[in-house]
Amino acid sequence: MNNPQLNKDGELQHLLTTEGLPVRILRDILDRAANFLDLDEGREIKKVPLLHGKSVFNIFFENSTRTRTTFEIAAKRLSADVVNLNIGSSSTSKGETLLDTVDNLCAMHADMFVVRHSQSGAAHLIARHVAPEIHVINAGDGRHAHPTQALLDMFTIRHYKKEFHNLRVALVGDVMHSRVARSQIHALTTLGVPEVRVIGPKTLLPTMVENLGVQVYHDMAKGLKDVDVVLMLRLQNERMQGAALPSGQEYFKNYGLTEEKLSFARPDAIVMHPGPMNRGIEIDSRVADGVQSVILSQVTFGIAVRMAVMSTLAGSKA
Amino acid sequence: MNIHIKNGRLIDPANNIDAMLDVFITNKLIIATGEMPESFIADRIIDAQGLIVCPGLIDLAARLREPGYEYMATLESEMLAAVAGGITSLACPPDTDPPLDEPGLVEMLKHRARNLNLAHLYPVAALTSGLKGLELTEMSELVDAGCVAFSQADAPLIDTRVLFRAMQYAATFGFSVWLRPQDSFLSRDGVAHDGEVATRCGLPAIPVSAETIALATMLTLARDTGVKLHVCRLSSAAGVELIRTAKREGLAVSCDVTSNHVHLSEMDIGYFDPNCRLTPPLRSLRDRAALRAGLLDGTIDAICSNHAPVDEDAKQLPFAEAESGATGLELLLPLLLKWASQEKMSLSDALARVTQRPAKILGLDAGHLSVGAAADICVFDPETYWRVEPVALKSQGKNTPFTGMEVQGKVRYTLVDGKVVYQNQD
Numbered sequence: 000m001n002n003p004q005l006n007k008d009g010e011l012q013h014l015l016t017t018e019g020l021p022v023r024i025l026r027d028i029l030d031r032a033a034n035f036l037d038l039d040e041g042r043e044i045k046k047v048p049l050l051h052g053k054s055v056f057n058i059f060f061e062n063s064t065r066t067r068t069t070f071e072i073a074a075k076r077l078s079a080d081v082v083n084l085n086i087g088s089s090s091t092s093k094g095e096t097l098l099d100t101v102d103n104l105c106a107m108h109a110d111m112f113v114v115r116h117s118q119s120g121a122a123h124l125i126a127r128h129v130a131p132e133i134h135v136i137n138a139g140d141g142r143h144a145h146p147t148q149a150l151l152d153m154f155t156i157r158h159y160k161k162e163f164h165n166l167r168v169a170l171v172g173d174v175m176h177s178r179v180a181r182s183q184i185h186a187l188t189t190l191g192v193p194e195v196r197v198i199g200p201k202t203l204l205p206t207m208v209e210n211l212g213v214q215v216y217h218d219m220a221k222g223l224k225d226v227d228v229v230l231m232l233r234l235q236n237e238r239m240q241g242a243a244l245p246s247g248q249e250y251f252k253n254y255g256l257t258e259e260k261l262s263f264a265r266p267d268a269i270v271m272h273p274g275p276m277n278r279g280i281e282i283d284s285r286v287a288d289g290v291q292s293v294i295l296s297q298v299t300f301g302i303a304v305r306m307a308v309m310s311t312l313a314g315s316k317a
Numbered sequence: 000m001n002i003h004i005k006n007g008r009l010i011d012p013a014n015n016i017d018a019m020l021d022v023f024i025t026n027k028l029i030i031a032t033g034e035m036p037e038s039f040i041a042d043r044i045i046d047a048q049g050l051i052v053c054p055g056l057i058d059l060a061a062r063l064r065e066p067g068y069e070y071m072a073t074l075e076s077e078m079l080a081a082v083a084g085g086i087t088s089l090a091c092p093p094d095t096d097p098p099l100d101e102p103g104l105v106e107m108l109k110h111r112a113r114n115l116n117l118a119h120l121y122p123v124a125a126l127t128s129g130l131k132g133l134e135l136t137e138m139s140e141l142v143d144a145g146c147v148a149f150s151q152a153d154a155p156l157i158d159t160r161v162l163f164r165a166m167q168y169a170a171t172f173g174f175s176v177w178l179r180p181q182d183s184f185l186s187r188d189g190v191a192h193d194g195e196v197a198t199r200c201g202l203p204a205i206p207v208s209a210e211t212i213a214l215a216t217m218l219t220l221a222r223d224t225g226v227k228l229h230v231c232r233l234s235s236a237a238g239v240e241l242i243r244t245a246k247r248e249g250l251a252v253s254c255d256v257t258s259n260h261v262h263l264s265e266m267d268i269g270y271f272d273p274n275c276r277l278t279p280p281l282r283s284l285r286d287r288a289a290l291r292a293g294l295l296d297g298t299i300d301a302i303c304s305n306h307a308p309v310d311e312d313a314k315q316l317p318f319a320e321a322e323s324g325a326t327g328l329e330l331l332l333p334l335l336l337k338w339a340s341q342e343k344m345s346l347s348d349a350l351a352r353v354t355q356r357p358a359k360i361l362g363l364d365a366g367h368l369s370v371g372a373a374a375d376i377c378v379f380d381p382e383t384y385w386r387v388e389p390v391a392l393k394s395q396g397k398n399t400p401f402t403g404m405e406v407q408g409k410v411r412y413t414l415v416d417g418k419v420v421y422q423n424q425d
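Taken in sequence, the protein lines are chains A and B. Just so we're aligned: the first sequence equals residues 0 to 317 in numbering that gives the first Met the number 0. Just so we're aligned: the second sequence equals residues 0 to 425 in numbering that gives the first Met the number 0.
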């Protein structure tokens, strides 16, 4: 099976998932993002012409503010023309299929698609369908993958911890329904983190999750013990209706990140969250706004990382 | 009309024959094998040099999409595909639109099939009206109209009392009940086996317990009611073990597996290949191994195509939204031969799983080449290899997980009731 993300020269053609990405490509993207960040902090050149004359289409079949906005800013700083389409469910209710929508946008000479969709595999489907000179970035597909979020998380971890090979990282919460968790796990294991843990109740951990290379914990005190990085996951309210959990309060009691629970981690541990946060459900405000939280840095770094991904793709030969 | 099939290797599992024997047909029937009867003058001679002559294949699950889903396939296109696959009899499940829950619909389907003069069609009628799982259909009337068994297809039957009564009622008259075991709560929204691949791909999953819980329920009720139960499309190792135990206890139960499940596993989903979106879901490699072992030791009686033609647009969607199903009629024989060669089993033993044994499940006097039997015959070249190309398939359904694969075995002639309904000399 060919890796659908790479072209025949082994360059990144699409970014669909962090699974199976060669470590050199992961590192390249992080290094490239670091360069953009310097440029950003220097505040001398806000814009670079790397995507000048290119059209980037943000097609979001699912609502998102933060991700869409950071992609838009990233594309604009690369001098691309950006078109935002919030399709929601309206176009499918008009009977147009996903690939019809894509074909129409291809006819408008799109060079790059940034796609979010509620179904796992949607970005792969589009990548298989489009002409070879068009690039697809997965901005989240169902429960499957959210690779740019994972990359910006890796960037954040590297920023604060410098290396990956000596870290203990714990993911806390709803791994089952989380595309972020899957992408984080693949990225962490690829970058050589020796110990990745998942912590949650059995109803929120998928079958055979240990085959992804993680250790499974159901208890926060044990799972957080001596970790360097805590990756919190968002808990959707629907989980209460599907009998996965009794209540938000009970979830907070067992798995909500409080100062007390965080004290099991290393004193210099950092706390991250992909947002949007449910304060008082998965995380206590004192932790979210505390000194160990790097949640807002994640958002800032998100722009540089997305610039890095887009410019990497634009640089690969079709 | 006299037909002489000469120089072929005759394989007839039901009669335990595997020998170089000629076949002589007069009108609809086989009148002799081996020596030419006196005064037989052939109107047509079929030279089967290098070919195998066997009973026409019998497929226990082929969706023809009529009535109601003609945009996916038509009776004519799929019956042509059947005979091109060497299939001379097929059972079709009742999940049409409207479902096959009225005698008039069954008669109409039988009538249309007869007029096509291709394969024999044996409709399986709905067990409950509208497949809704609430009220029984008029089973005796439906049998008089020509249906051979009763089934829910893939529709759930949640109310176990209705299931119990349906089995009791069917048992009263000796009718067969065919069911696919799947608990509708545990399988809700699921599209893939609850295992490594669904976890990696983030696909809503169906656990094996969805199969075993439903299977345990139906086996219990079959024991209590004495109904003839046929379990359709087993998918898991644990399911095979439940059937094995039930058979050992002497329960009158039979079961089948699809060609897809004999050869594929969840791993074949790869990067969301919608051709592997199948019902039941492809399970783990361990499950596949158990299904194959069950086929070998007779726990699983038959292999079916589970033919389900789907229009192309319905497959070009994200995995979970893609329509479930694959075309299969023309691949039943090649996939059987592939399995036989992998398991190093005799052709006769392999062919029994698509001839003699499904005939027994259907209660048909078919699937054998005895003198006096209807001349439903498949003549195929076991040595020809061909590549599965969607455009070359006769079926209107072009989607199969085997696209692009090299397969073995090409049908040269198919005879139904002594008439050549398909031939291919390419």
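Calculated from the structure, these hints are not laboratory results. Predicted model only: the values in this text are computed from it and were never measured. Ideal Cβ positions, reconstructed from N, Cα and C, are used throughout, including at glycine. Hints should not be assumed to be uniformly reliable.
What the hints assert, rightly or not - What follows is a list of derived Cβ distance ranges for each label pair:
hint, chain 1, residue 1, chain 2, residue 2, range
1, A, MET207, B, ARG222, 32 to 42 angstroms
2, B, ARG247, A, MET207, 24 to 34 angstroms
3, A, ASN1, B, ASP348, 36 to 46 angstroms
4, A, GLY212, B, GLU342, 32 to 42 angstroms
5, A, PRO266, B, THR219, 55 to 65 angstroms
Outcome of the hint check:
no. : hint                                    : in the structure
1   : A:MET207 / B:ARG222: 32 to 42 angstroms : holds (34 angstroms)
2   : B:ARG247 / A:MET207: 24 to 34 angstroms : holds (31 angstroms)
3   : A:ASN1 / B:ASP348: 36 to 46 angstroms   : holds (38 angstroms)
4   : A:GLY212 / B:GLU342: 32 to 42 angstroms : holds (35 angstroms)
5   : A:PRO266 / B:THR219: 55 to 65 angstroms : holds (59 angstroms)
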